[in-house]
Amino acid sequence: MAQVEATTERIIAARPEDVFDALADYADTRPKILSEHFSEFEVREGGDGDGTLVHWKLQATSKRIRDCLLEVTEPTDGQLVEKDRNSSMVTTWTVTPAGEGKARVVVSSVWNGAGGIGGFFEKTFAPKGLGRIYDEVLGKLAAHVEK
Numbered sequence: 002m003a004q005v006e007a008t009t010e011r012i013i014a015a016r017p018e019d020v021f022d023a024l025a026d027y028a029d030t031r032p033k034i035l036s037e038h039f040s041e042f043e044v045r046e047g048g049d050g051d052g053t054l055v056h057w058k059l060q061a062t063s064k065r066i067r068d069c070l071l072e073v074t075e076p077t078d079g080q081l082v083e084k085d086r087n088s089s090m091v092t093t094w095t096v097t098p099a100g101e102g103k104a105r106v107v108v109s110s111v112w113n114g115a116g117g118i119g120g121f122f123e124k125t126f127a128p129k130g131l132g133r134i135y136d137e138v139l140g141k142l143a144a145h146v147e148k
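Under this note's numbering, residues 2 to 148 are what the sequence shown spells out, in order.
These are computed hints drawn from the structure, not numbers from a lab. Keep in mind that the hints are not guaranteed to be accurate.
[Said to hold, decoys possible] Taking lysine-lysine and the DSS-like style, the derived pairs with C-alpha atoms no more than 30 Å apart in a straight line are:
| # | residue 1 | residue 2 |
| --- | --- | --- |
| 1 | K33 | K148 |
| 2 | K84 | K129 |
| 3 | K64 | K103 |
| 4 | K58 | K141 |
| 5 | K129 | K33 |
| 6 | K103 | K141 |
| 7 | K64 | K129 |
| 8 | K33 | K103 |
| 9 | K129 | K103 |
| 10 | K148 | K64 |
| 11 | K58 | K33 |
| 12 | K84 | K64 |
| 13 | K58 | K84 |
| 14 | K33 | K84 |
[Said to hold, decoys possible] Taking CB as the label site, the calculated pair distances span:
| # | residue 1 | residue 2 | range |
| --- | --- | --- | --- |
| 15 | K129 | E46 | 15 to 23 Å |
| 16 | R67 | E46 | 29 to 37 Å |
| 17 | K58 | K129 | 19 to 27 Å |
| 18 | T8 | N87 | 15 to 23 Å |
| 19 | K103 | R65 | 32 to 40 Å |
| 20 | H56 | G100 | 32 to 40 Å |
| 21 | K64 | T97 | 20 to 28 Å |
None of the values given here were measured: they were computed from a predicted structure. Think of the CB as a built atom: it goes at the ideal place given N, C-alpha and C, for glycine as much as any other residue.
With the hints as constraints, model all of the structure from the sequences given.
Listed below in structure tokens is the structure:
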């Protein structure tokens, strides 16, 4: 079983604090910026950053749907970590300054992949697919905060 990682980043023309606040707002902003790959979105506890418990289904491909129940923590300033109770997946959102009035947002997901030939294909193709999904989310985040 190999670890699989998918990482995407984007520079957003908004203050890092505003970008982070939008990402951490699971009650209002997050459902607006998710792509069509996410369904059944529900905040079960909290709703703003640390201590939030959120559920969604992530349809990465026509055949692959993950039922995610995520515990959100903020281990350091500018960082949100979503740990899935239903799998080994951990997604980390990191927001840092990127010059005057700009923020760099990096989203990285890691999980324990399958073994054997299935694991080979997962490690080869899943990061690209998830990267495209998160790139779309980052685009929607940019559109939301750059208003």
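Consistency of the hints with the structure:
1. Restraint check for K33 and K148: satisfied, since their Cα atoms lie roughly 14 Å apart, inside the 30 Å limit.
2. With a CA separation close to 21 Å, the supplied pair K84 and K129 stays within the 30 Å bound.
3. Between K64 and K103, the direct Cα distance comes to roughly 38 Å. Violation of the 30 Å bound is thereby established for this hinted pair.
4. Distance hint between K58 and K141 is fulfilled; the C-alpha atoms sit about 19 Å from each other, no more than 30 Å.
5. Distance check on the hinted pair: K129 and K33 sit about 23 Å apart at the alpha-carbon level, within 30 Å; holds.
6. A threshold of 30 Å between alpha carbons decides the hint, and for K103 with K141 the separation of about 16 Å falls inside it, so the pair holds.
7. For a cut-off of 30 Å, the pair hint linking K64 to K129 stands: about 16 Å separates their Cα positions.
8. As the CA atoms of K33 and K103 are separated by approximately 21 Å, the hinted pair is consistent with the 30 Å bound.
9. The suggested pairing of K129 with K103 holds, with an alpha-carbon distance near 26 Å, which does not exceed 30 Å.
10. At most 30 Å may separate the alpha-carbon atoms for a hinted pair to count; K148 and K64 exceed this at roughly 36 Å.
11. A hinted pair counts as satisfied when its Cα atoms are at most 30 Å apart, and K58 with K33 qualifies at roughly 15 Å.
12. At roughly 23 Å between alpha-carbon atoms, K84 and K64 fall within 30 Å of each other, so this suggested pair holds.
13. Among the hinted pairs, K58 with K84 is consistent with the structure: their alpha-carbon atoms are about 14 Å apart, no more than 30 Å.
14. Taking the CA atoms of K33 and K84, the gap is about 21 Å. The hint holds against a cut of 30 Å.
15. The hinted range of 15 to 23 Å is not satisfied by K129 and E46, whose Cβ atoms lie roughly 33 Å apart.
16. In this structure the hint that R67 and E46 lie 29 to 37 Å apart at CB is violated, the actual value being about 20 Å.
17. Between K58 and K129, the C-beta spacing of about 20 Å keeps the proposed range 19 to 27 Å intact.
18. A C-beta distance of roughly 22 Å is found between T8 and N87, which places it inside the suggested range of 15 to 23 Å.
19. For K103 and R65, the hinted distance range of 32 to 40 Å is satisfied, since their beta carbons lie about 34 Å from each other.
20. Between H56 and G100 the CB atoms are about 36 Å apart, so this pair conforms to the stated range of 32 to 40 Å.
21. For K64 and T97, the hinted distance range of 20 to 28 Å is not satisfied, since their beta carbons lie about 36 Å from each other.
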